[in-house]
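K.L.:
When you get a sec, could you build the whole thing from the sequences and use the hints?
With this note's numbering, the residue at position 390 of the sequence shown is 390, and numbering never jumps.
If you're looking for bench data, these hints aren't it; they were derived computationally from the structure.
Even glycine gets a Cβ: it sits at the ideal position worked out from N, Cα and C.
Mixed in with the good hints there might be a few duds.
Heads up, simulated PhoX-like pairs for lysine-lysine below, C-alpha to C-alpha not over 25 Å straight-line [as the list claims (entries may be wrong)]:
| # | residue 1 | residue 2 |
| --- | --- | --- |
| 1 | 93 | 51 |
| 2 | 221 | 51 |
| 3 | 221 | 291 |
Cβ-Cβ distance ranges computed for the label pairs, FRET-style [unchecked claim]:
| # | residue 1 | residue 2 | range |
| --- | --- | --- | --- |
| 4 | 267 | 357 | 43 to 53 Å |
| 5 | 197 | 221 | 25 to 35 Å |
| 6 | 379 | 338 | 17 to 27 Å |
| 7 | 101 | 287 | 34 to 44 Å |
| 8 | 356 | 221 | 19 to 29 Å |
| 9 | 93 | 118 | 24 to 34 Å |
| 10 | 460 | 483 | 14 to 24 Å |
| 11 | 352 | 442 | 54 to 64 Å |
| 12 | 252 | 118 | 39 to 49 Å |
| 13 | 209 | 103 | 28 to 38 Å |
| 14 | 137 | 320 | 57 to 67 Å |
| 15 | 121 | 363 | 30 to 40 Å |
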Amino acid sequence: MLLKKTIRPFILVAAIVAAGLLPVRSFSQNILPPGQPEQDACNALTLCGGKFSTPYSYQGPGQRQDLDATPCGGANPETNSMWLKVTIATAGKLAFRIVPVDSLDDYDFAVVDASHSLCDGLTSKNVVRCNFNVDLPGSNPQGIVGLNDTATNPYVQGGAWGYPYAQDIDVTAGQTFLIMINNYGHDQNQSPSKGFTIDFSASTATFVSNTPPALQEIVRKCSDSSVTIQLSKPVLCSSIAVDGSDFVITPIIPIAGATGVNCVGSSGYTSQVVVNFAGHFSIGNYMISGKVGSDGNTLLDLCGNAMLLPASRPFAIPPPIKDRFLPPDTTKCDYSDIVIGAKTTFQTYLWNGGQTTRTITIPDSGPYTLQVTDTNGCTAVDSITITDSACPQYVYVPNAFTPNSDGRNDLFRPVFAGAASGFRFSVYDRWGRQVFQSVDPYSGWDGTTGGKRQPAGVYVWVCVYKLYHQPERIQRGTVMLIR
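P.N.:
Below, the structure is given as structure tokens:
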């Protein structure tokens with residue numbers, strides 16, 4: 001009977017952490033938040049053979065499910081997956097071993113020939129090797145799985161026992177392969193996996209090296225004590241000098257250190273580096289440049305390629321957002337709405353009620369808070385308190401009007417001080433014929449019916465309305481139409 005692998009409970013825990021509902025410090029720093037770039041085939045980590053190690057545990061299938069099926073079966077072909085990529089330089093055999101840090105961690109994999117397919121259009125037909133065998137004690141010695149020259153089966157079905165290897169692949173120059181690796185986690189206590197090393201030393205084919213990393217851009221962050229650099233590709237955390245000596249800033253800002261986002265000490269890889277200043281520095285424009293650090297190298301990609309020098313990017317220490325960007329506390333009539341909003345334009349807005357517009361309409365009293373973000377990535381929060389006041393309420397109905405299009409007294413309608421609801425207004429001629437009706441307190445009679453001018457004279461009106469916190473009223477009277 002085939003054994004079905006299930007999604008581990010720690011996936012839910014990690015999702016809660018990523019959503020900000022629980023503090024990250026409660027869990028292992030090796031667990032990456034869901035949706036990492038390399039969890040999608042089009043952002044696969046490029047390798048060049050040899051050995052590559054990762055200390056991370058991945059959660060979910062990434063931003064998209066790249067494979068909906070494989071020849072190895074299984075209800076979830078991508079479970080806590082990440083992707084690697086190799087391009088063949090010279091023909092030979094493609095073989096590898098996936099060696100877990102913890103021998104009881106369960107790793108599955110699928111190898112996809114993407115030589116003639118788009119990375120976002122993969123199907124099970126592209127899968128040339130896969131191994132979804134079950135990782136029960138004795139099935140995979142030391143938890144190792146992979147491709148080798150003694151296995152004869154290209155596809156190891158989900159639930160199979162005792163088949164840690166699938167058959168190696170005859171490859172030719174120019175072919176590109178994507179390797180999807182599932183991080184199922186620990187078999188016994190259902191904890192996250194602790195990482196693995198993929199070892200290509202059994203391959204007889206050689207692999208294409210790739211372009212070196214570069215300083216791509218500055219991640220917009222409002223800080224006078226650090227700057228975050230986006231790199232063009234992942235680099236080894238071990239290549240980042242912890243004292244920050246891989247970088248220099250002009251005009252001179254002393255650097256206290258540098259850390260890679262998601263780095264676990266010196267292990268792992270990252271696409272962003274945070275350079276910390278030795279203090280707080282003035283608003284202004286600066287230049288950060290790469291150089292050879294105290295560790296004897298500059299930044300190195302996953303294949304060991306060094307960042308080319310010179311490499312520089314400008315950045316700015318921006319001014320902070322002024323404290324008071326909302327109007328002062330104010331009072332409104334208890335029956336009316338009021339519009340409030342930021343006095344200055346920002347990039348984004350987030351009110352405590354969830355609205356994301358610059359202004360909002362307030363029907364009720366109370367405190368209102370707005371968080372804003374400007375184009376520099378600076379954020380600030382301001383609040384305003386709205387107080388209700390009991391204002392006079394009344395209805396005034398004129399006793400005459402002159403619809404002569406002179407812009408004065410041309411419409412006949414009730415005028416309200418206060419919020420009217422349940423409004424109905426009708427006008428009748430002296431024979432009791434209805435000449436006008438409306439349910440809109442702001443519309444009025446222009447002295448015509450069906451487009452025809454009505455004669456001057458006395459007309460009867462009836463108005464039904466309800467003011468704020470008052471009972472419904474019916475009011476009647478007469479009006480003189482003057483021509």
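K.L.:
Are any of the numbered hints broken by this structure? If so, which, sorted upward?
P.N.:
2, 11, 15
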